[in-house]
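Asker: So the sequence lines, in the order shown, correspond to chains W and Z.
The working numbering applies: residue 1 is where the first sequence begins, and numbers increase by one.
The working numbering applies: residue 1 is where the second sequence begins, and numbers increase by one.
What the hints contain is simulated information worked out from the structure, not anything from laboratory work.
Incorrect hints may appear among the rest.
Okay, derived cross-link-like pairs now, BS3-like style, lysine-lysine, Cα gap no bigger than 25 Å in a straight line [as the list claims (entries may be wrong)]:
| hint | chain 1 | residue 1 | chain 2 | residue 2 |
| --- | --- | --- | --- | --- |
| 1 | W | Lys-185 | Z | Lys-34 |
| 2 | W | Lys-129 | Z | Lys-172 |
| 3 | W | Lys-656 | W | Lys-639 |
Where chain Z lies over chain W, by a calculated footprint (3+ residues, C-beta under 8 Å) [said to hold, decoys possible]:
| hint | region |
| --- | --- |
| 4 | 213-221 |
| 5 | 265-276 |
| 6 | 523-531 |
| 7 | 567-577 |
Short, incomplete list of chain Z residues facing chain W, as computed with Cβ under 10 Å [said to hold, decoys possible]:
| hint | residue |
| --- | --- |
| 8 | Pro-39 |
| 9 | Gln-61 |
| 10 | Phe-89 |
| 11 | Phe-93 |
| 12 | Thr-108 |
| 13 | Val-128 |
Each residue gets a CB set at the ideal place from its N, CA and C atoms; glycine is no exception.
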Amino acid sequence: MPKLTIDNLEVTVPEGTNVLEAACALDIAIPHFCYHEALGAVGSCRLCAMMFTDGPVKGLQMACMVKAQDGMVVSSTHPDAMELREHVIEWAMTNHPHDCPVCDEGGECQLQEMTVAGGHSKRRFRGKKATFTNQDLGPFIQQEMNRCITCYRCVRTYRDYCGGTDYGVLGSRNRIFYGRFQEGKLESPFSGNIIDACPTGVLTSKPFRFKTRLWDLQEAPSICPHCSLGCAIVPGGRYREVQRVRAGINRETNGFFICDRGRFGYDHVNHPERPRQPRIGGQPVALETALDAVRDRIAVLVEAHGPNSIAFLGSSRASLEANALLRDWASAYGSEQLAYEAHQGRDYAARTLAARVGGHACSLGDLRQSDLIILFGADPLAEGPMLAVAIRQAVRGGAKVVTIDPRPVELPCTTLHIPLPASRLPELLAALGSGDLSAFDAQERATFAPLLDQIKAARRPAMVGGADLLGGQGIAALCSAAADLSTASRAVGVMALLGGPNSYGGALLAGDGPGFDTLLDAIQERTVRALVCLESDPFCEALDPARAQAALGHLELLVCIDSTPSLAAQRADIFLPSRANAEMSGSYINNEGRLQEFLPVIDPGLPIKVTGAGDHPPREFFQTTPGSAPAADWWLLAKLLERATILAELRKTMAKYDERFSMLSFLAAGTTGLRLPVKVALPPVADRGLPHADGSDNQTLLATTGPLGSHWLAHLSAPLAATEPQPYVCLHPDFAAALGLASGDRARLTTRFGHCHVEVRLSAQMVSGLVLAPQLWDTALEGLAPGSLHDCRLEKEARA
Amino acid sequence: MNLWRDIKGTLQPFWVTLGYLFKKPVTIQYPEEKRTPPPRYRARIVLTCNPDGSERCVACQLCSAACPVNCISMQAAEAADGRRYAAWFRINFSRCIFCGLCTEACPTMAIQTTPDYEICNRDVLKLVHEKEDLLIDGCGKDTEYNFYEHSGIGVVNERGGNEDEYGPVDPKSLLP
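Okay, chain W solo, but in the shape it has when bound:
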């Protein structure tokens, strides 16, 4: 622990810290561009010069390039250091255009800040400026190369940190150019991070272009609602719409970056078809009327058919507080018909994880430090993209990565892929745990035996599972295997990719309650007559949507609380509009059991661009904001339960009656969150597998989560529309040859949901004999719940 003196202040820092970090620890602001906590120091911007007056290093040095050592005496205000910094920033400004008024970076431009901090205020350079021709980098990134100061941060973020390959630096001397070799869309699903990384306005957000100056943006720390990883985000809103999202900082989860789905998937909040009015039987009514109707009609049903005639379906999208109130509501009637995820596989996976993971839970921060990561049926880019970046950081630190999956799994790093059918994953996990591979044939043993040795030899191994393919049994096998493979000296970390941002919270509340398929049976048998859906859409999200739709037709009362134009919201007898997570406070528990709070950014309301039809806001004035009826999900439920509609009170009550949530009172937004050490009851054994239609010449189709743009909330986001793929199927080349299909062919896919024209993609990483298709909304592939198996027929179509 070296102890050094900076500006007459003594500081002791950990070994390996550089002097710039030490100065930051003392809150001494030194201008710098190239140093970034996640990217490290390269000493290229020459801006963090400090004078080393005494000790082991002497003279004018770049603070980020000098490791802190004992006895160093450093001055940040030495005249020589200050003069150098002033000259360096003056050089950086020589070619910079004077377009700050029309630059989207204005307001958070580090170049502006560093220019002021560096002391450069008057332009002396009278020569001409260099100019560049910009590239079109796709729908997300706007480039303006004239503003570049060649700090290399974008390349270090895009290539080194996120593992993209199609963006780099070209040229020499003052011709340095950052871009693609050929103009085109950036391929990396983490491309948006270069917007955050760029200290000036070279790379700005295209969907956010010219929307708002940053000082007008309302921002608050929030949690990404798109997957179960719980990345910190900072959404920004203005004029009653969420306009952008930037990465928040949480060193335990996402670090400093987020994926493009999180960054550009905010637009579901502003969706033009979002229902904003309470409705009874499709007719808009006042909120109080709708709340009374819910209370009355449920009371009538309870009286006539008993408490178990009412079923409750929570959701992984709803806040923990709302889900807890839903449980309270169910228990107030005495109903035991309560589930928290319509997708039963994901539900049981989450519950099993919450019950079994214990001390093996591994955060993304832990994963970045791992030396061996094995993914069982987990496809990070689809199910939790930032996991892929975390894995890449582990690989940069020397880790090995193995993916065992029936699908091809693409990661931004070198991996070993072992194709294995999903049904055999629990078997493999059990075998790895026991060390007995005798159930596998010789060829497979030759693959898995070295893997077992690697796990045993690894010092910080981690096993990652996907809820879609593993289900409850698989996750149980994953947790058992991790426990069996752990030794006294080191534990095997476990992470599972769950269905949604609050799957874990729902799992804690669900305990050993029934699964949604049991509820569907009860609805089919008419023992359950009413269903309350809290921000979930059983029509689409259930493992078997056709069965769900048939069963739900029998309901006498469907109450839906939602913030999206889901099918359930359209079909609800009574609909209550709720707020999106950018519009309310609440908390989520992510896939490792981390309780995190999010804060509201804007109040709900029809965006000004809608009320003004693109022109100025209407020249009329109302007492209320149009479209402002949506209320926080916990507020609606507290109203229904006739409790105080104050979040702090609700949390206090939750903490008091459930010790697992005792941390709720200490929750603060924008922090690393609080890890819950909890045990819950195990769910009933899941009944895996779906009905297969008979047919000798049919193929088996495995449905998966689609890439970036194909999740429900992402599907509702206009900026992500460009990334949503056309329907496709993926096949093993041998299997495709047997079917007479080649890469790029058009084919006709017939499932029990109907026909769909698909493009054929081939991958040698696939399990042979399987058709892989993503769930894509608004196509015939909509009913393919991820993880489910279907019979299908794939026929070649003549090219048009």
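Based on the hints, put chain Z in the right spot on chain W.
Answerer: Using the frame of chain W, we list chain Z on its own:
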């Protein structure tokens, strides 16, 4: 003594008033008579145009940021040529305190104050001026400045088309 003071205090104001009856008044009979304020008088705010007749405002929001009473609001948009402009621009003159800070903040000389002070109205909504009410056909006080000819990003002129810049470089060149 107090009595003398009281008598003086009662009569002297009448004397002063009497004196002013024979002097030229400093007030004028507004609105029958109108005074011409100096050219730099800060009253009605206008949006001026470039010498070439195009809109000067780039909707940078610096005026609304500088405004101490938040009476300016706008939304920026991008024209087909990449030019940033105000899709709508609104000044609420019922709030405006005519401090002129917006004109000092404006980097493009678009927003300017004029000596036209007669904007009172009984209907508050008529004091909310939209862009079409604010735009004038002229350069106002600065007859030469055109922001996009100095900004250094190719919008009005193509890359390198402005006086103080070179043409676009070829990053793939191998020349030293």
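Asker: Determine for every hint whether it applies to the structure shown.
Answerer: Results of checking the hints against the structure:
no.: 1; hint: Lys-185/W / Lys-34/Z; result: 63 Å, violated
no.: 2; hint: Lys-129/W / Lys-172/Z; result: 19 Å, holds
no.: 3; hint: Lys-656/W / Lys-639/W; result: 20 Å, holds
no.: 4; hint: 213-221; result: holds (count 3)
no.: 5; hint: 265-276; result: violated (count 0)
no.: 6; hint: 523-531; result: violated (count 0)
no.: 7; hint: 567-577; result: violated (count 0)
no.: 8; hint: Pro-39; result: 26 Å, violated
no.: 9; hint: Gln-61; result: 4 Å, holds
no.: 10; hint: Phe-89; result: 8 Å, holds
no.: 11; hint: Phe-93; result: 14 Å, violated
no.: 12; hint: Thr-108; result: 7 Å, holds
no.: 13; hint: Val-128; result: 7 Å, holds
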